[in-house]
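Can you build the whole structure from these sequences, using the hints too?
In order, the protein sequence lines correspond to chains A and B.
Note that this note's numbering gives residue 383 to position 383 of the first sequence, counting from 1, and the numbers run on in steps of one.
Note that this note's numbering gives residue 1122 to position 122 of the second sequence, counting from 1, and the numbers run on in steps of one.
Since the hints were derived computationally from the structure, they do not count as laboratory data.
Hints are all accurate, no fakes.
Heads up, simulated PhoX-like pairs for lysine-lysine below, C-alpha to C-alpha not over 20 Å straight-line:
hint, chain 1, residue 1, chain 2, residue 2
1, B, K1155, A, K158
2, B, K1129, A, K125
3, B, K1137, A, K137
4, B, K1393, B, K1372
5, A, K137, B, K1125
6, A, K158, B, K1158
On a predicted model such as this, the values are computed, not experimentally measured, just so you know.
Number of protein chains: 2
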Amino acid sequence: MKFSPQDQIKQLTQHTAQVLPQAELVKKLERKKPLKIKFGADPTAADLHLGHAVVLSKLRQFQDLGHEIIFLIGDFTARIGDPTGKSKTRPPLSEEQIKQNAATYLEQVVKILDKKKLKIVYNSKWLSKLSFADVLKLCGKVTLARITERDDFAKRIKSNTAIGLHELLYPIMQGYDSVELHADVELGGTDQTFNLLMGRHMQEQSGQEGQIVLTMPILEGLDGTEKMSKSLNNYVGLNEDAKQAFAKLMSISDKLMWRYYALLLLKSESEIKQMQQDVKIEKRHPMNLKKTLAFEIIERFWSKEDALEGQQNFEAIFQQKDYSQALQVKISNEISSPCWIVDLLKNTGAVKTSSEAKRLIEAGSVSINNKKVEEFHSQANWKQGSILKVGKKKIFKLI
Amino acid sequence: MKFSPQDQIKQLTQHTAQVLPQAELVKKLERKKPLKIKFGADPTAADLHLGHAVVLSKLRQFQDLGHEIIFLIGDFTARIGDPTGKSKTRPPLSEEQIKQNAATYLEQVVKILDKKKLKIVYNSKWLSKLSFADVLKLCGKVTLARITERDDFAKRIKSNTAIGLHELLYPIMQGYDSVELHADVELGGTDQTFNLLMGRHMQEQSGQEGQIVLTMPILEGLDGTEKMSKSLNNYVGLNEDAKQAFAKLMSISDKLMWRYYALLLLKSESEIKQMQQDVKIEKRHPMNLKKTLAFEIIERFWSKEDALEGQQNFEAIFQQKDYSQALQVKISNEISSPCWIVDLLKNTGAVKTSSEAKRLIEAGSVSINNKKVEEFHSQANWKQGSILKVGKKKIFKLI
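Here is the structure:
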């Protein structure tokens, strides 16, 4: 432990949403022994994105300070699937699938975490051994009122949406994982606060010292308003092409830039304040700071080579207007030429709705091979290699 | 099966509170195979009383018609105890205690049921083998809303009284017992309706034909208003001295007599109507009908000899005023002579409250050795063998 407890606390609590309770984290650090940091993940075939990187980056910080990360794969639930028997949304996964998903997950995780300092565990190891009598004893440690405080349960009760009795047992399982692991700290997004606190509760009920619950804010997506998510298409995937990721990062607002500096690059508040001051007195240009941000994020989560390439590519396309390197977008075979411009725009993913397309066209922000599209209700001619521009930031080479 | 399905239905549905659904019971009976009738009991050291005899008598009727009674001892829960860990009210019982309690229970049960036609099972046999995964699957068959419909849960939620999560699993267990037993019918008091329906639900969810739920009314105690229970001291215990039981039965109101005829002796409605008509036209005296009731109950649940002795004893004391055979009551050593009359009355159990004692004394209904007690605030002299009369029906020999 090369850093003092005080130094560690300063770093670790920075940019967190909550540390419950902070005083106990100090106490644990003062023992000067590596802490056990729990982080749980579902072995569903997930494409991780920068939203996930927020918690992973905080975990990396713990790792760098000498603590042990226990990466828990929640294979037990996945193996059972959704037991309602009514919904087909969550069929049980085979052991083979779970292993493969876990591997995919870990491949992405080690872009951020140090592989060598990672302990990987599967909760089926202990959960599959529990008997009904054990389950009853665990359940006896929690009241119904406490469980139904959980936000999504509370909402569903209010709106009369069915809750399967088994769902109430899931927080119990997560909590029991902490007991088995003797976790000192558990990390998650703020949407996980309830489940993490359940771990603390279950540990205390079992005579252990309760874990510290450390939550990180939820990262806004590229649009700056909604939570980053794949389904909203406002994300940068950890497996994405670095050039594309660089360009996407360059499209965020100046305001969002500070947030990404804090949560993805873990810059301290004073560093951020200094940069903001520099912008204010026109010492530095926001565009340059954004390039630095994009460069450092790609360098951190991809590689330095990727970052250099991403920057070159961005500068060629957006600054030198050399579109030969523009992002290639495969257009579906169903879209012929000519076709309705709105269909083409939707197919690239540049717009999500017709009204969005209409607004952009009417603002004169859409062009094909530098020829502005004038009418919303019009046909567009395009071919392999055509350059489609949508607004200032989206430039695609159609293939 | 010597009775036709139609004859059986007529007998079996008589005096029931509910048969859910009756049409299905007909269908099951029409298959002309013995039905599996489930009845569950907690292996707590219980003194059974005539309140329990209502359901047991209905079970005996099923037995007499050729059906199989499965007497389920709920040893699994008893072995776990109350897992809250906070309340000491329900400590786990040892296997030894459970066996002994079950034996005590069965000794009393076979006063009503035919021992030779009784299948006894313990639910730990299957419940102790369930894994966490099995429990999750079972829980997935039930919604939270459904479980919290149960009367006592609903009341506790409304009054913010804590419900341990494990408590929600108890109906699931009872329900799963029905699945394991492939029960055709389950019997219980009306207070058990929810749990019995859960058995039906769980069977249907498991692809079985759902059991019929047959509930019996709750028997009023000797006071004619409250439910018969030991704690209210308005009961006749199955292990009680037959002479005492006979005298207690003679103390009930005329109105309650019809209820006991129906629920304990299973007299048909037409038989009861005939008796009521006979009283109305003064062909029979209610006192004689009550003697017949007491005689037949003692004959049924004790023996014919007990019934004869009980009747002789009652007639000697209450009709020939020969108190030598009066019910002996042991007075606590703490009660000296003389003592406050109110303390003496309470000690015999004849009254529960001081105000009840006051009312009876002021009405001139209390005497010791035929000497009326005049004052509520007075001392009473008594000795071994003194006869204490409280009202018309309670006559004790103090020892």
